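A.B. asks: Read off the chains here:
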Amino acid sequence: MSEKDVRQLKSGDTVTLDGLIFSGRDEVHIRALEYAREGRKLPYDLRGGVIFHCGPIMKKVNGHWNVVAAGPTTSSRMNTMEPEFIERFGVRAIIGKGGMSQPTVDAMVKFGCVYLAFTGGAAVLGAEGIVEVKGVEWLDMGMPEAMWELAVKGFGPMTVAIDAHGNSLYKGVDAKVAKNVAVAKKKLGLFG
Amino acid sequence: MRTTKLVEDVTVDLLRMAVTSLPEDVLTALRLAEKEETNEIARIQLRTILANVEMADRRTLPMCQDTGLPVFFVSGRCIPHLEEAVRRGVARATSEIPLRPNAVQPLTRANPGDNLGKGMPHIHFHPSDEDFTEITVMPKGAGSENMSALSMLNPSQGARGIKAFVLDTVVAAGGKPCPPTIVGVGIGGTADEAMLLAKRSLLRRLDVPNQDPDLRRLEEELKDALNSTGIGPMGLGGQTTVLGVRIEDAFTHTASLPVAICLQCWASRRASARIFKDGHVEYSKEGFR
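Residue numbers (the numbering used here), protein chains in the order written: chain P, 13 to 204; chain C, 833 to 1121.
Please keep in mind that the hints were generated in silico from the structure rather than gathered at the bench. These numbers come from a predicted model, not from an experiment. Just to be clear, a hint being listed does not mean it is correct.
[As the list claims (entries may be wrong)] In silico DSBU-like cross-links for lysine-lysine, where the CA-CA straight-line distance does not exceed 30 Å:
| no. | chain 1 | residue 1 | chain 2 | residue 2 |
| --- | --- | --- | --- | --- |
| 1 | P | K71 | C | K1055 |
| 2 | P | K71 | C | K1117 |
| 3 | C | K1055 | P | K191 |
| 4 | P | K71 | C | K950 |
| 5 | P | K122 | P | K71 |
[As the list claims (entries may be wrong)] A partial selection of chain P residues facing chain C, derived with a Cβ cut-off under 10 Å:
| no. | residue |
| --- | --- |
| 6 | T26 |
| 7 | I69 |
| 8 | H76 |
| 9 | T85 |
| 10 | K109 |
| 11 | F203 |
Glycine included, every Cβ here is placed at the ideal spot set by N, Cα and C.
Input sequences plus hints: build the corresponding full structure.
C.D. replies: Laid out in structure tokens, this is it:
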């Protein structure tokens, strides 16, 4: 994806994706950043690409990996690593669930990246959008933590939850929740 | 010997049932939420969940890639070598269904690939004089489990302290535990007992109210309060933040008020079986009454 494409997306938009995406969660983030700091190349070039916070279920049939289930994992676990990940590898989109913290939002604004929220647990639907498992690297970290190269078509539906201008659906929700919680606490007979 | 093989087969069946199809009470609650939800993004989330569940059920595939840690509750008549049989069943289920190999060594993160290891699977035993052995599996995903919380309140904080802790915990969790969640609350006991009460409370069907009228009122009050927060499905806003609140209690120390919270994602997967002496087996996704 080009920066221009990404900057056109607005928070609240519903999108589906065609092309290549790479799975990467906790261990991929840790190892990829270690590699980068040591000046080593990653097995895949992620520049302009999409990273999917996902640990899929895969099954090997006749020597070829097939996807069984692939929904998003909780993105906040990658909060401390994502800003550097975006900066170093130039990813244009992150697919996950639950949102990410402000430093990541800042990096998304600075380098041109969006956060696409995919419904947590919708793993059969996710697998349905993956037309081919093109490859896998770092399988030594285990099936969920490996880096899977996935060809997708009509992958989604996903919601642009954080756009490349810093607009975040989560921030909007947080502000409303804070107000509602104050009311709820009063109703429950609690202070503050 | 034959009973051991039977327990192994039942374990595989239970895991398959649990991860590929939701109990009827959970499905009903999700459908109702989709009907009543007025927030458009929330409705998309709930529709996506329901479409996904329907596809998983039809094709006998895991509805979520996080097939959880295998947590078992075993009660009733003791069966010799049951633990070994359950372990074999978990390994078979992992390759046959398949389940995601989730169990890793906590520090090295080494993954043997079969969901077995030291202390894995978890099996909670409660032997009794029944003429059957009941096995319940609750595959527990990490998204919701990671939001667990324990607070050793002062007795003076009472019901208000409990309410505030539940509300604060669910709000802090936001969209991370895959709402709409089911909120399991354990009150009393010791720290470990409170946590187990919270987890066990999630086994009670959503359409079965608490037998204790005070706890029933507290469950309803908390459910209303949590759904008024506006966190909504997946934390993207909406009026469906929880499908239910489940509370279990136990006597505690006069100086203690332990409160434990165990959140369950919308994919509240569970399945039970009763194995009778003569070898016949009865299954229930929702759990026996």
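A.B. asks: It remains to establish, for every hint, whether it holds in the given structure.
C.D. replies: Comparing the hints with the structure gives:
no.	hint	in the structure
1	P:K71 / C:K1055	40 Å, violated
2	P:K71 / C:K1117	26 Å, holds
3	C:K1055 / P:K191	18 Å, holds
4	P:K71 / C:K950	25 Å, holds
5	P:K122 / P:K71	39 Å, violated
6	T26	7 Å, holds
7	I69	5 Å, holds
8	H76	15 Å, violated
9	T85	7 Å, holds
10	K109	6 Å, holds
11	F203	9 Å, holds
When held up to the earlier numbered hints, the structure conflicts with 1, 5, 8 and fits the remainder.
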